[in-house]
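With the hints as extra help, turn the sequences into a complete structure.
Here the sequence shown is numbered in my numbering, starting from 1 and rising by one per residue.
What the hints contain is simulated information worked out from the structure, not anything from laboratory work. Relax, there's no trap hidden among the hints.
Derived pair list, reagent style BS3-like, types lysine-lysine, alpha-carbon separation capped at 25 angstroms:
1) Lys-308 with Lys-346
2) Lys-43 with Lys-54
3) Lys-54 with Lys-91
4) Lys-43 with Lys-91
5) Lys-224 with Lys-43
6) Lys-208 with Lys-182
7) Lys-346 with Lys-135
Pairwise CB distance ranges, derived in the manner of DEER restraints:
8) Lys-17 with Glu-253: 47 to 57 angstroms
9) Asp-189 with Phe-351: 38 to 48 angstroms
10) Asp-131 with Gly-209: 25 to 35 angstroms
11) Val-354 with Gly-290: 24 to 34 angstroms
12) Ser-345 with Asp-7: 47 to 57 angstroms
13) Tyr-60 with Asn-10: 22 to 32 angstroms
14) Arg-294 with Asn-138: 40 to 50 angstroms
15) Arg-97 with Gly-148: 12 to 22 angstroms
16) Gly-83 with Gln-4: 29 to 39 angstroms
From the three backbone atoms N, C-alpha and C, an ideal C-beta is built for every residue, glycine too.
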Amino acid sequence: MTSQANDALNRAIELAKGLHDAQWQLRAQLGLIVFFHRRGDLKSALAAIGEIEKSAVATYDPAATAMTGSVKSASLFLHGEYGSALTLARKSHEYFRNHSDISQIGRWGLNHSIYAQCVIGRAYWHQGLFDHAIKAMNSVYAEAEASGNPASICMALTWCSCSLFMSLEELEQAAASIERLKEVAQDNDFQSYFYSAIGYHGRLLFLKGDLESSERLLRQALSKLNEARYENMYVPFLGHLAELLAADGRVDEGFLASTESLDRTKSCEAFWWLPDALRIHGEVLTSLEGSGSRSAEDYLRQSIELSKRQGGLGWQLRAARSLAELLHQQNRTDEAFKLLSYTLSKFTEGFETVPFRRTRALLEEMR
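See below:
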C-alpha cells in the first residue's frame, strides 16, 4: 500500500485507456479503489466510483457491472451508508451466485463474490441483525476456504470472522479465526494480513483481561500497519489501545490515543468506525474526568445519535450500554433504564447473542 502501488495502478489505467482496452482499464480501476479502501482514503474511493461505473458500461459485460457493484458497496459501507451498501452487495452477490465461474481472480485480480459477501456480513452486524451476520459470516468463510485462494481466505477472516466473532463476544471462535488468519497470511507472506491478525490477537487478549500481552501485540501491529499505511486497520486498533491504556490506569496516554483515533477517523471519513471512536473517547474521558464528566456524556450521546442516523443498531447498543452505566453512576438510573429499554426494543433478532443478553442483564439490574 505504498505510493509506488498507487503510481503503478494509475499508470496501468492510463496504458489501458491508450490501448482502448476497457477490461484492463476496469481491472486497474477496481484495484485502485481497493487500494484506497485499505489506505482509508474514502474520499478518493467514492470520487472514483463514477468513472469506474462508466468503464464497466464500456465493457458490455454484466460481470463487470457486478464487480463494480461489489467495490462500490464496500465504499458505501466504509462511509457508514449501511443500507445502500447492503442493497448493492446483495445484488452483486446474487449475480455471482448465478454465475459462479465469473468472479475468477485470474481475470479480475480479486474475488468479488467474496468481497460482496464480506460487505453483507459486516453491514448486517452494524444494523443489529446479529443472526443474519453470523449466517453471512459463516457462508463467506466457507466459500473462501472452498476456493483454496489464500487472499480470499484472508479477506473473509479479516473483514468478517475475526472482527465479528469478537464483536459478538464469541471469543473461542474468534481465537480460531485469528489463528487461521495468522497461518494463511504467514504461509503466503501477506504482511498486512499477518499484522492485522496480530492486532486482533491483541484485542482478544484485552477482552480476556491479559493487558500486558495485549498491549505488546497491539503496539507491534500498530507499528507494522502504520508502516504499510493500512489506515483502515490501524485506526480501529489505535482506538482499542486507548481502551486498554485507560483500563490499565494510564488515562493520559489513553486520552492521547483515543483523540488521535477519533481525529484520524474524521479526517478520512471512515464513518463506519466513527460511532465506536466516539464511544471509546467518551469512555476514556470518563476515566480521566470521573463519572460526572459532561464531555464524556456528550461523546457517548454523539455516538448514539450518529448510530441512529446510520441505521447502525450494533454500535448503538454498545454506546447505549456505556452511557447507561455512566448515568447509573450519576444516580440517573431511571434515565439509564429507559435508554436501554428503548435500544433493546429496536432489535428483531439476535436475542441469544452475548451482547444482547449482557445488555438485557444490565437492564434487569436497574429495575
